[in-house]
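Hey, can you work out the whole structure from these sequences and the hints?
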Amino acid sequence: MLSIKLIIRQLLRSRNISFFKLLSLVIGFTVSFLIFTHIAYQFTYDDFHADGDQIYRIGCLWNNDGMVDDSPIIIAPLATALKDNIPEIENYALIKNCGKMSFSTIENHFSETCIYADSTFFNFFSFPIIKKSTKYELRGAHTVMISESVSKRFFGDKEAVGQLIYDSNNKAYQVEGVFANIPSNSHLQFDIAISFETIRAEKKYYTGWDGGDSFTGYIKTIPNAKIADIESKIPKVIGKYLDTSKDETSNQTETFYFQELKDVNIRYDIYKKNILMILTAVGGIIIIISVLNYVLLSLSSFQKNLSKLGVQQCFGASKKQIISTVAAEHIGFVAFAVLTSIVLLAPLSKFTSHYLNWTNPIDFNSYSIFFVSVIICLGLLLSVGLPILKLYRLKFQLMNTKTDSSIESKGKKILLTAQMTGVITLLIMLLFVFRQLQHIEHIDMGYRTKGLAYIEMTGDEARKNCTKLLDELRKQSFVNDVSASTDLLLNWLSGNSYTIPSERDKYHISRFLHVDRYFFKALEMKMAKGMDFSSFSENDQQIVVINQKLAEQMNWDNPVGKTIIDNNDKEFRVVGVTCDFVMASAHVENMPCVFYKLPEQYIPQHANYITINLNKNTTSQQLDDLKNLLTVISPDYPLNLSFYDIRLAHRYETERELRKSISLFSLLAIILAIISLVGYISHEINLRTKEIGIRKVNGAKTFEVIHLLNVNFLTWIAIAFIIACPVSWYAVSLWLENFAYKTELSWWIFALAGLIAMGIALLTVSFQSWRAATRNPVESLRYE
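Going by the numbering used here, the first residue of the sequence shown is number 1, and it counts up by one from there.
To be clear, the hints were calculated from the coordinates, so they are not data collected in a lab. Misleading hints may appear alongside valid ones.
To be verified - Computed list of lysine-lysine pairs in BS3-like fashion (alpha-carbon distance at most 25 Å, straight line): (1) Lys475 / Lys616; (2) Lys203 / Lys171; (3) Lys464 / Lys204; (4) Lys240 / Lys506; (5) Lys526 / Lys450; (6) Lys475 / Lys521; (7) Lys236 / Lys506; (8) Lys83 / Lys236; (9) Lys450 / Lys521; (10) Lys450 / Lys627; (11) Lys660 / Lys742; (12) Lys226 / Lys240; (13) Lys450 / Lys616; (14) Lys100 / Lys204; (15) Lys350 / Lys660; (16) Lys83 / Lys226.
Said to hold, decoys possible - Quick list of the computed label-pair ranges, beta carbon to beta carbon: (17) Asn491 / Ile543: 19 to 25 Å; (18) Pro87 / Asn181: 33 to 39 Å; (19) Ala649 / Ala201: 37 to 43 Å; (20) Gln605 / Asn97: 19 to 25 Å; (21) Ser494 / Ala346: 44 to 50 Å; (22) Phe351 / Thr253: 46 to 52 Å; (23) Cys377 / Leu641: 51 to 57 Å; (24) Arg656 / Asn123: 37 to 43 Å; (25) Ala50 / Arg647: 35 to 41 Å; (26) Ile130 / His109: 22 to 28 Å; (27) Thr631 / Asp84: 47 to 53 Å; (28) Arg647 / Ser353: 20 to 26 Å; (29) Glu107 / Lys240: 49 to 55 Å.
Note that this is a predicted model, so its numbers are computed, not measured. For glycine and all other residues, C-beta sits at the position ideal for the given N, C-alpha and C.
Structural data, given as structure tokens:
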């Protein structure tokens, strides 16, 4: 009880230093808890499925002319064939992601995230079904299962099972059941599951063995099955259905393997994995900076408290009791800081959810408990261990003990250097994130994005109005060009094989797109060689335009006039070569691409998108007129006007979130560093008060005194910079691997981060030094 009173009395006497010590720990623990609970939540993905350790996603490692692509996209019949031919596989599931689709009832119209799923889906995965009408779901064509939230939006409190909903083609789908809303920690996110039989009935997608890679498959093994043995049987199964003999002479290979369900969210999402590694480093840096800050502030007041401990010893306290009292004080600090951080966790998690777009529920699962325990142990080890170690190494007679100022100063400088290393590392990472984001936002896409709008023609009914819409758009004074195509360059284009007459047995893979005559002018794409489709008549059908990457792949110096053969053995003449362009986003490597001409008579059946090149002076009123025109032309099936630049900006939302998080945490690190610097330099000035006074009396100028106090300090900042450069270089290099188009690791960014850190440190330290240098020396020498 006496020890507790002594600790409280000590804290009250040193209110300022105690406040800053506590503030450092609270900031460090709170930020690290937020970061690591977010990371821990990522490890809980898909852990709610029964027998999850037996479920695997089918992955495909594709090598085409040295270009490697690791993807979970497969052909439709593969999953079924594996289940039928490999006894260790107990069950399978097959889906196709189809993004947003429009559905309506008589009263309501909504756009929902949809998948096509076969009849095994809800028995395979553990998504709870609230109500259903049949024993087996999704067996018939044009049947759906909807989520609880969709049921509320479409039917309110009415019974949803047995009701009809209508797609954009006015085709009716019967609701067979309602499932619980998909948890946020599921890698599969959807609101409506459409029966796979619908695809077969409508022949909407190719589901054969020789193409149509656009599906995702899963298998469930029997207990204790050896996955390596199952994988070794895959080639034999495929050989049963496909002639694989030509693969021996082909320059492309497909290797199928299985991805554990628990690893899908992180291990097989390389981009997310790298982001989490960076956040782990940031969280570690923050907690270490805060704890070292606490230790520095504690050591700075150590000599002052030493005499008080000596007084306790004179009154009979043993060294063991004194060390226990000091340890209790530090443990109390840590415990209070941890409890405060846990209390702050709930309200601050709402802030990170809104500001950083983190899905971060306060769920202390096994992963969260592990991370939090590690953080607390690290905090205790450093914040309690280092001061106690310092005290333990002193001689027993504390009353007459004075610490070795040179050793103590050197130890504090090492701690300060470690702190500044963390701060500089965060600054370098932040500057590179800013630079990379600026780089990809202003990269030359190879086509116009600003002022380029598009309309998605969803459904057959909407496509029927396509020709009329194109004609009306061309009449508008603010429209420069209009084009129809099967897809957008902003999307991940479908792939297909092609060959050339001289190497018919050697196939290559390229992305492809069907476009009308006006496509290249509408997008303002530049031609490297030859001409685009607008220079040819409508009767010229068997012609294609390729990109420079494909010409490089074929080693063609002059591609114009060359012939390529598609997978249906149709020959096409190359009439032009476009300059290379960015496909989808800056994350995606430039790939070979073939543009096929889309004849006018086929536009109503195959045009999924209309692209509109708007005049640069287009007003908001004209945009409103354009939207009204879409409503007039297609009153029953709404057509939405979207913009290339806005959609492209959404592709980099994760990078913006990373920039926000590192900016926020860097600011907190700088605040912690300033607190530490103030404490450190104040202690140094107190130790050298008499020295400064003597120097002033002997004629030292103010600048000379400031230089004396700052010079050694700046040396340690320089050492911190040297250590931070390779650490941050590795972290930034790891992150930049996610981009095909990336900024250079310029030396001046490292230098700028060092200068910023040096500037902050100098401003903080120089102010304290100036105050000491301008103080009247008589005050410090009065009693000497």
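Notebook entry, point to check: Hey, Lys100 versus Lys204, does the alpha-carbon distance stay inside 25 Å?
Noted result: 16 Å, holds
Next item on the list: With respect to the beta-carbon atoms only, verify the hint that Gln605 and Asn97 lie 19 to 25 Å apart.
Entry: 23 Å, holds
Margin query: Looking only at beta-carbon atoms, does the pair Phe351, Thr253 fall within the given range of 46 to 52 Å?
Written below: 48 Å, holds
Notebook entry, point to check: Regarding Thr631 and Asp84, is the given constraint of 47 to 53 Å on their beta-carbon distance met?
Noted result: Given range 47 to 53 Å: holds, Cβ gap about 50 Å.
Next item on the list: Take the C-alpha atoms of Lys450 and Lys616, compute the straight-line distance between them, and say whether it is at most 25 Å.
Entry: 9 Å, holds
Notebook entry, point to check: CB of Cys377 to CB of Leu641, is that within 51 to 57 Å?
Noted result: 56 Å, holds
Notebook entry, point to check: CB of Ser494 to CB of Ala346, is that within 44 to 50 Å?
Noted result: Check passed, 46 Å falls within 44 to 50 Å.
Check: Holds or violated: 37 to 43 Å for the Cβ distance of Ala649 and Ala201?
Finding: With Cβ atoms ~38 Å apart, the hint holds.
Check: Is the gap between the beta carbons of Arg656 and Asn123 within 37 to 43 Å?
Finding: About 40 Å separates the Cβ atoms of Arg656 and Asn123, which means 37 to 43 Å holds.
Check: Lying within 19 to 25 Å: is that true of the beta-carbon distance Asn491 to Ile543?
Finding: About 23 Å separates the Cβ atoms of Asn491 and Ile543, which means 19 to 25 Å holds.
Next item on the list: Decide if the proposed pair is consistent with the structure: Lys236 and Lys506, CA atoms, cutoff 25 Å inclusive.
Entry: With a Cα-Cα distance of about 22 Å, the restraint between Lys236 and Lys506 holds, given a limit of 25 Å.
Next item on the list: Would you check the hint for Lys660 and Lys742, treating anything up to 25 Å between C-alpha atoms as holding?
Entry: 19 Å, holds
The structure meets every hint from the earlier list without exception.
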